[in-house]
Amino acid sequence: MNPTHEARRVSPRLRTIQPAWVRITHWLNALAAILMMLSGWRIYDASPVFKGFVIPPGITLGGWLGGALQWHFAAMWLLFFNGLFYLAMNVVTGRIKSKFFPVSPRAILHDLGEALKGHLSHADPSKYNAVQKFAYLFVMLDIAVLILSGLAIWKSVQFPLLRELMGGYDFARVVHFSAMSLLAGFIVVHLVMVSLVPRSLLTMIRGR
Amino acid sequence: MKPVKPNRVSVDRESLIIDVRRELDMPSRRLFGKRIVTLGGLAMLAGCSISDDKSVETFLSRVSRLNDTVQGWLFDPNRLAPTYTEAQITRPFPFNAFYGIDDAPVVDGSDFRLKVSGLVQNTKTWTLPELYALPKAEQITRHICVEGWSAIGRWGGTPFSEFLKRVGADTSAKYVGFKCADDYYESIDMPTALHSQTLLTFTFDGQQLPTKYGYPMKLRMPTKLGYKNPKHIMEIFVTNKFPGGYWVDQGYNWFGGS
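Each protein sequence line maps, in turn, to chains B and P. Going by our numbering, the first sequence opens with residue 200, and the numbers climb by one from there. Going by our numbering, the second sequence opens with residue 124, and the numbers climb by one from there.
If you're looking for bench data, these hints aren't it; they were derived computationally from the structure. The reader is advised that the hints may include incorrect statements.
[Unchecked claim] Calculated lysine to aspartate or glutamate pairs in the DMTMM-like style (CA-CA distance at most 20 Å, straight line):
1. B:K326 to P:D142
2. P:K288 to P:D312
3. P:K335 to P:D191
4. P:K247 to P:E358
5. B:K354 to P:E137
6. B:K354 to P:D199
7. B:K326 to P:E270
8. P:K238 to P:E358
9. B:K316 to P:E137
10. B:K250 to P:E270
11. P:K297 to P:D312
12. B:K354 to P:D312
13. P:K364 to P:D293
Next up, chain P with everything else stripped away, as it sits in the complex (with noise of 0.2 Å):
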C-alpha cells in the first residue's frame, strides 16, 4: 500500500469527511444510527440478566439435550480411555461432593444390602461379599471434573456390563440410573453401562474404597466427566423413563462425555 502525505491525527479524515457530510444529508438514517447505539447499550445491560430470562434458559436447556445427542452419536462403545501406570496417579487424590468431607456419609458394610429394580429380570439384593465375588477389573484412569481439573486415580471393582448380566437386566433400555446415601442421583446411558471400562467398584488404590470416595461403591467411568460417576450407591434401576441426575437437574449437561 502507499503511503500518503504524513498526518499526525491518524483518523481517516478524508474518507470520514465524505460520511459524515452524506450523513448529515439523512436525518432518518442518523435517528437510525442512534437507535441502533441504545440498542447496543441496552443489550449490554441486559447482559447482567439475560441467563435469568425464563425463555433464554429454555432454549440453552433444549441444545443441552441436542448436545446430549450429538455425544451420544460421538461415543465410540470400542474406544477406550488413556490408562496411566501406578507412579502418575496423583496423590492424595481429590475429594469432591455437592459437600464438604466430614459429611461425607458413613454406610454400614455389615448389613448393607444393593437394591436392583426396574427393567431386570432379578430384583434379589446383594450383600457386599456376593458383590466382591465378581469377576474383577482394575484400571488407573483420568478422572475429569466438569470444572476442568483432572487427577488420575485407581479403581478395583467388576466390570458393570457383568453385573447387568447377572441381574437380566433390559440391554435395550435407554437408561440406567442410580441412587445414593448421599441423596445423590445420577444415570447413564445403556452404551456407556455396556462399555468395557465402566467399572462398579469397591477399591482404590488398592485399599477398601474409602467413605471419601464413595464406600461401599462407585461407578468408575473414564468415559464420564466426574459427575456422571456415582458414589456410595444405594440401588440400580433399569429405565426408559429419563431419571435426570442431580446435578443434571441443574444445568449441568446429562451425557457428560468426555
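This is chain B alone, in the form it adopts within the complex (with noise of 0.2 Å):
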C-alpha cells in the first residue's frame, strides 16, 4: 500500500481534537465548578435568598456554614485561575475564534430543530454545530458572572462598582444563585449529550 494513502487514512483517527491544555482546564473547571456548587448550596442554607427553598442538606459539601465557606474560598482560586489560563490559551492560540464563532441566532434555532428531530450528527467532533457553540460560549459568560457577583458579595465594600452594577448587595446574591442555577441547568444537558454522544467523552479524555 502506498504510505502517504496510508498516513491519509489514519491521520483523522489520529488527529487530535482536544488539546491536552483543553482537557486538562476543563477537568480542573469541573471539578472546581462542582466543589463550589455543593459548598454554595450550603451557604445558600445558612439564610435562604428564597425564603422557603431550602437544599437538602445531604447533597451539600462542608458539613456546616463554616466548612462550606472554607471550601467555596478555596476552590474558588482553582476555578478563577484555572478559567483565567483556560481563556488565555483560547485567545492566544486562536481556538475561540475557530472552535466558537461564526455563530449565529438563526445557526442556533436551525441546528436546535435539527437535534431535536435527531438529524444533527457528530460525525466530525472536531467541529462544534451552532447550539455547541451557543452552549459552550453561554457557560463561559454565565462562569463570568457567577465570579463576578460572587465578588461583588464577598467584597461588596471594596469594590463599589461591581456591588452597583449587580444591583447593591443583597442582589448579588439573586445574581449570583440565578446564575449557579443556569449552570446546573447547563450540566444536566451536557451530561445527557455527553450519554448521547458517548464519543464527544473520550476526546475530552484522551484528547482524540
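With the hints as a guide, bring the two chains together.
In C-alpha cells form, the structure reads like this:
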C-alpha cells in the first residue's frame, strides 16, 4: 500500500481534537465548579435568598456553614486561575475564533431544531455545531457572571462599582444564585448530550 | 452542520461502534476503564466524609489564612462603606448571637470598667461616662452577616482610632483583640481598627445600646462581616500574637472583610 495513502487514511483518527490544555482545564474546571456548587448550596441554606426554598443538606459539601465557606473560598482560586488560563490560551491559540465563531441566532435555532429531531450528526467531533457553540460560549459567560457576582458579595465594600452593577449587596445574591441555577442546567444538558454521544467524552479524556 | 439520515436512536451509533470495537481489542484498557469508574464511585461515596479528613481540614485552614492575606491587600483604608438614610433602617433590627436573645449578658453599667491591656502606654480602666465624653460619631450602615442576610442599622459612639490614640496604642502592632461579657472573643487587623468608619459604639438608633445589641458597647465595622463586630466588650488589648476569635477558631475566616 502507498504509504502516503495509508497516512492520510489514518490521520483523521489520530488527529488531536481536544489539545491537552483544553482537556486539563476542562476537568479542573469541572472539579472546581462542582466543589463551588455543592459548598455554595450549604452557604445558601444558612440564609435562603428565596424564603422556603432550601437545598437538602445531604447533597451539600462542608458539613456546616464554616466548612462550606472554607471549601467555597478555596475552590474559588482553582476556578479563577484555571478559567483565566483557559481564556488566555483560547485567545493566544486562536481557538476561540476557530471553534466558537461564527455563530448566529439563526444557525442556533436551525441546529436546535435538527438536534431535537435527532438529525444532527456528531460525525466530525472536531467541529462544534451552532447549539454547541452557543452552549459553550454561554457557560463561559455564565461562569464569568458567577465570579463577578460572587466578588460583589464577598467584597461589597471594596468593589463599589461591581456592587452597583449587581444591583447592591442583596441583589448580587440573587444574581449569584440565578447564574448558579443556569450552570446547573447546563451541566444536566451537557451530561445528557455526553451520554448520547459517548465519543465526545473520549475526546475530552484522550484528546481524539 | 449537515443533517444525516433519520435515525430513531439519538446515540451516535456509528462512532460508538468504532470505539467499542477498538476497546474490545484491548482488554487492559477495558480494565483501566472499569477502575476509573470504580474510583469515581469511591470519590462520590467519600464526598460525605471528605470534610472530616484531617489533612483536608488542615489544607482548607491554610487556604483560609492565605485568604486573610489577600483580603489585607484588597482592603483600602480610605474606601468607605456605603451609608444609608434613616428611612432605610431595618426595623426591627435582627438579634444574632451564638445564644438566644434571653441569654444575652446583663452588664451593670454603674460599676463597669473597661480594661485596656497589651501594647498600650496607658492601661488605666475606663468608666462609661469617660467613654461617653469621647468625640462623637454616628453612622447608618449595612450589617452583613456571614450567613448571607444583611440589615441596615444606626450606631453611635466614638471613632475607634480616637480611642486607640488616647490609650497610646502601638498602631504598628498587628492585632487588636476583644474580650466580651458573653465569653465571646474576637480580634481584628490594625488597618481596619484605624479605619474612619470603625466606631466604638454606645447607642443604637439614637438610644442607649440595649442588652440585645451589646450593652455597654459594641465595636462597629461596616467593612467587616457581622461576627467580627464584638458586643458586650469588657477588655481591649493590642498585640502582635494572633488572638483568633470565637467563630474564627471554629473555622470562620479571620479577616472576614466585606
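Hint check results:
1. B:K326 to P:D142: Given pair K326 of chain B, D142 of chain P holds - Cα atoms ~19 Å apart, limit 20 Å.
2. P:K288 to P:D312: 16 Å, holds
3. P:K335 to P:D191: 30 Å, violated
4. P:K247 to P:E358: 11 Å, holds
5. B:K354 to P:E137: 52 Å, violated
6. B:K354 to P:D199: 11 Å, holds
7. B:K326 to P:E270: At roughly 45 Å apart (the allowed maximum being 20 Å), E270 of chain P and K326 of chain B break the hint.
8. P:K238 to P:E358: Distance ~4 Å between K238 of chain P and E358 of chain P Cα, so the pair holds.
9. B:K316 to P:E137: Holds, at roughly 18 Å.
10. B:K250 to P:E270: Since the Cα atoms of K250 of chain B and E270 of chain P sit roughly 14 Å apart, the hinted pair holds (cutoff 20 Å).
11. P:K297 to P:D312: 6 Å, holds
12. B:K354 to P:D312: Cα-Cα ~17 Å, so holds.
13. P:K364 to P:D293: 13 Å, holds
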